[in-house]
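*Asks:* Chains as they are written, first to last, in the UniProt record's numbering: chain P, 1 to 392; chain Z, 1 to 392.
In case anyone wonders, no lab produced these hints; they're calculated from the structure.
Among the hints, a few may not be true.
It does not matter which identical chain is used: a pair holds within one copy or between any two.
Said to hold, decoys possible - Straight line, CA to CA, 30 Å or less: simulated DSSO-like cross-link-like pairs of lysine-lysine:
1) Lys48 - Lys362
2) Lys156 - Lys7
3) Lys224 - Lys7
4) Lys48 - Lys290
5) Lys139 - Lys386
6) Lys344 - Lys7
7) Lys331 - Lys255
8) Lys185 - Lys379
9) Lys362 - Lys255
10) Lys7 - Lys250
11) Lys224 - Lys379
12) Lys250 - Lys48
13) Lys290 - Lys53
14) Lys331 - Lys185
15) Lys382 - Lys344
16) Lys185 - Lys386
17) Lys255 - Lys307
18) Lys139 - Lys7
19) Lys250 - Lys362
20) Lys139 - Lys89
21) Lys185 - Lys382
22) Lys84 - Lys307
23) Lys331 - Lys292
24) Lys84 - Lys382
25) Lys255 - Lys376
Everything numeric in this text was worked out from a predicted model, so none of it was measured.
Protein chains: 2
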Amino acid sequence: MRSLFAKRVDDIPKSFIREILKVIDDPEIISFAGGLPNPEFFPVEGIKEAASKVLTEDGTNVLQYSTTEGYLPLREYIADRYFKRQGLKISPEEILITNGSQQGLDLIGKTFLNEGDGVIIEEPGYLGAIQSFSFYRPKFHSIPLLDDGIDIESLKDTLAENDCKLFYGVPNFQNPSGISYSDKKRREVAQLLEESNTVFVEDDPYGELRFIGEDIPSIKNYLKDNTILLGSFSKIVAPAFRLGWIVMSKEKMEKVIVAKQAADLHSNYFAQRVIYQYLLDNDIDQHINKIKEAYGRQREAMVNSIKEYFPPEVSCTEPEGGMFLWITLPKELSSLDVFEMAIKEQVAFVPGSPFYVNQGGKNTLRLNYSNVAEDKIEKGIKSLAKVIKRAL
Amino acid sequence: MRSLFAKRVDDIPKSFIREILKVIDDPEIISFAGGLPNPEFFPVEGIKEAASKVLTEDGTNVLQYSTTEGYLPLREYIADRYFKRQGLKISPEEILITNGSQQGLDLIGKTFLNEGDGVIIEEPGYLGAIQSFSFYRPKFHSIPLLDDGIDIESLKDTLAENDCKLFYGVPNFQNPSGISYSDKKRREVAQLLEESNTVFVEDDPYGELRFIGEDIPSIKNYLKDNTILLGSFSKIVAPAFRLGWIVMSKEKMEKVIVAKQAADLHSNYFAQRVIYQYLLDNDIDQHINKIKEAYGRQREAMVNSIKEYFPPEVSCTEPEGGMFLWITLPKELSSLDVFEMAIKEQVAFVPGSPFYVNQGGKNTLRLNYSNVAEDKIEKGIKSLAKVIKRAL
Numbered sequence: 001m002r003s004l005f006a007k008r009v010d011d012i013p014k015s016f017i018r019e020i021l022k023v024i025d026d027p028e029i030i031s032f033a034g035g036l037p038n039p040e041f042f043p044v045e046g047i048k049e050a051a052s053k054v055l056t057e058d059g060t061n062v063l064q065y066s067t068t069e070g071y072l073p074l075r076e077y078i079a080d081r082y083f084k085r086q087g088l089k090i091s092p093e094e095i096l097i098t099n100g101s102q103q104g105l106d107l108i109g110k111t112f113l114n115e116g117d118g119v120i121i122e123e124p125g126y127l128g129a130i131q132s133f134s135f136y137r138p139k140f141h142s143i144p145l146l147d148d149g150i151d152i153e154s155l156k157d158t159l160a161e162n163d164c165k166l167f168y169g170v171p172n173f174q175n176p177s178g179i180s181y182s183d184k185k186r187r188e189v190a191q192l193l194e195e196s197n198t199v200f201v202e203d204d205p206y207g208e209l210r211f212i213g214e215d216i217p218s219i220k221n222y223l224k225d226n227t228i229l230l231g232s233f234s235k236i237v238a239p240a241f242r243l244g245w246i247v248m249s250k251e252k253m254e255k256v257i258v259a260k261q262a263a264d265l266h267s268n269y270f271a272q273r274v275i276y277q278y279l280l281d282n283d284i285d286q287h288i289n290k291i292k293e294a295y296g297r298q299r300e301a302m303v304n305s306i307k308e309y310f311p312p313e314v315s316c317t318e319p320e321g322g323m324f325l326w327i328t329l330p331k332e333l334s335s336l337d338v339f340e341m342a343i344k345e346q347v348a349f350v351p352g353s354p355f356y357v358n359q360g361g362k363n364t365l366r367l368n369y370s371n372v373a374e375d376k377i378e379k380g381i382k383s384l385a386k387v388i389k390r391a392l
Numbered sequence: 001m002r003s004l005f006a007k008r009v010d011d012i013p014k015s016f017i018r019e020i021l022k023v024i025d026d027p028e029i030i031s032f033a034g035g036l037p038n039p040e041f042f043p044v045e046g047i048k049e050a051a052s053k054v055l056t057e058d059g060t061n062v063l064q065y066s067t068t069e070g071y072l073p074l075r076e077y078i079a080d081r082y083f084k085r086q087g088l089k090i091s092p093e094e095i096l097i098t099n100g101s102q103q104g105l106d107l108i109g110k111t112f113l114n115e116g117d118g119v120i121i122e123e124p125g126y127l128g129a130i131q132s133f134s135f136y137r138p139k140f141h142s143i144p145l146l147d148d149g150i151d152i153e154s155l156k157d158t159l160a161e162n163d164c165k166l167f168y169g170v171p172n173f174q175n176p177s178g179i180s181y182s183d184k185k186r187r188e189v190a191q192l193l194e195e196s197n198t199v200f201v202e203d204d205p206y207g208e209l210r211f212i213g214e215d216i217p218s219i220k221n222y223l224k225d226n227t228i229l230l231g232s233f234s235k236i237v238a239p240a241f242r243l244g245w246i247v248m249s250k251e252k253m254e255k256v257i258v259a260k261q262a263a264d265l266h267s268n269y270f271a272q273r274v275i276y277q278y279l280l281d282n283d284i285d286q287h288i289n290k291i292k293e294a295y296g297r298q299r300e301a302m303v304n305s306i307k308e309y310f311p312p313e314v315s316c317t318e319p320e321g322g323m324f325l326w327i328t329l330p331k332e333l334s335s336l337d338v339f340e341m342a343i344k345e346q347v348a349f350v351p352g353s354p355f356y357v358n359q360g361g362k363n364t365l366r367l368n369y370s371n372v373a374e375d376k377i378e379k380g381i382k383s384l385a386k387v388i389k390r391a392l
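Just chain P, with the same shape it has in the complex:
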């Protein structure tokens, strides 16, 4: 008998993180497992004023259907901000508003990927992208991340041996590793992709959250037409709105917009109007600075505690921004085993293997610091250190 479900559904890895988050739904547990922004910095008052204002001034319009592309002034704001921050010249016609970056990934998969198409992904790679693209049944090629970004030699080999349509990467404070690409690596990546006619899908949800060092230009600066750039309000304003965007050349936009229309007509228009009003009436840079200061302190607390308490065989990344860092245990340890021991000690994290498309990563794990208070960070890392020492 035929199967009720489509073949593509069988290929999808069940969200491991989702399962883990269920296990640790206990307020006593110190959880480094989530990926949530710190709600302390949600601009509740600003959003309340913005919502009231748009409803008072333009109520019937803000509640009506709207265009698939998204609210034009919001797209103009996004384009302006790219210019102000990086000198990137982007036209609002090249911007599509999506339901968070996640929908951007789905629309890209839908518009570009035939079954078996080659997709390059970082190792470890962002789980949401792996999940999204998997629905379109591509062939993943994973390339290790080094301290300053993707392994260029391995990228060269992969491009030489395979026809790769897309390369999905997170050059700033990557999820899960916290690693950023150096400017040199960005230029090298851009040149290699230019030569092989591969599109770079540059996911940048954390780019505004740098608390150490200077901003590094987006790869879009070096690979103009062949970069699809994704952004999001989730980490700088609030995630509940599910508002993100895709920047792409008009030729690509024409096709992606048809996919967006078929997917849900358009993103929540009320939310677009509220966010835009909020951005108009508030100093977003000041707001982002507050978030960066806090995350910087939380990250420092975590790195310091790791250095103090973890055994020397354990290494960690030292992110300059974002929300995550990455731990590599000695080869003989399994982070899944450590996870089970850790839960009993009331501390949780995400084991690393789901971030690998071809097995591997068994001795790695991801820690989130943005949503854990500083004093709890030290306590949690101390417990985790005890568990790791016991496992060794």
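On the provided structure of chain P, position chain Z as indicated by the hints.
*Replies:* Using the frame of chain P, we list chain Z on its own:
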């Protein structure tokens, strides 16, 4: 050279309605072309109060990430309402919140359709569904609509000759035709689908908007496990929120939820909380009654004007609810030609052929009455009558 885009993108009909709406973006034109609810009935004050309340009482939570399934109390509300309105017993665990019904269609296509799978669709059929499903490259089988619903003989033949996985239909006040299935037809459809193990995708965005006659039970009543029921707040509260839902058995839900997570993690949580608060604090039935009264009057104005001014060779459906009615011109006329003439007379509609998957329908057209004031309806129909007579 390989194509940049996926093969599935080539199959998608460009949205004809979208193109038409661009042509008629002139406030002087009386447009029966759109599909918009009347914004006069958007509960602006109620939404404003609800937004303010949820932000005041639970600000940080309503702005945070949330669950893929959707806000549980909202899903309980929807389940309760099915029970109160139709005695349908649905558990909240069988309900997934989506970005309008449109996203429901996309998720269903994604979860169930392999390339070439048989999908039955009404003729004329809802354009958004044709577009959504087309991305998954099914084989459409279209079955004519009669005055009381689908042509049962033709459905029998189609099911006998083809393996059909899904049947997509809109039994209440269908878009584009305004036709409703009689109770007898619903039972017959359910029985035939039960026998052939075909899933009925019952799209019901207009079901609450009946202004003539009595409600007829949903097909879900007669085909329990094998019906996927879609609903939406767009027509009874406000479309900008993009909030709808899918009702389906748990086995199906388990798969569809993975597709939803990959598509955008979850629907706008702030909007879910606002709508739920609005529903708690207001009498939604009273609100819907106001909409129904107005649409009933608008529909009456349109049907009366058609009877008065259109030549007798032209027939129209007489919907008992919803937002649309359907015109059949004499065979020799092309509604596309009539459209071009009509635009010059400052009146617009949607030609019927895009609602047919296999050509056809050249002499048909759709009229919307919900978003046109009563006095303009008579004026517009009069102009249209003049054009049709000239074309004859």
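*Asks:* Quick one: which hint numbers does this structure break? Sort them smallest to largest.
*Replies:* 1, 5, 6, 7, 8, 11, 12, 16, 17, 19, 20, 21, 22, 23, 24 and 25
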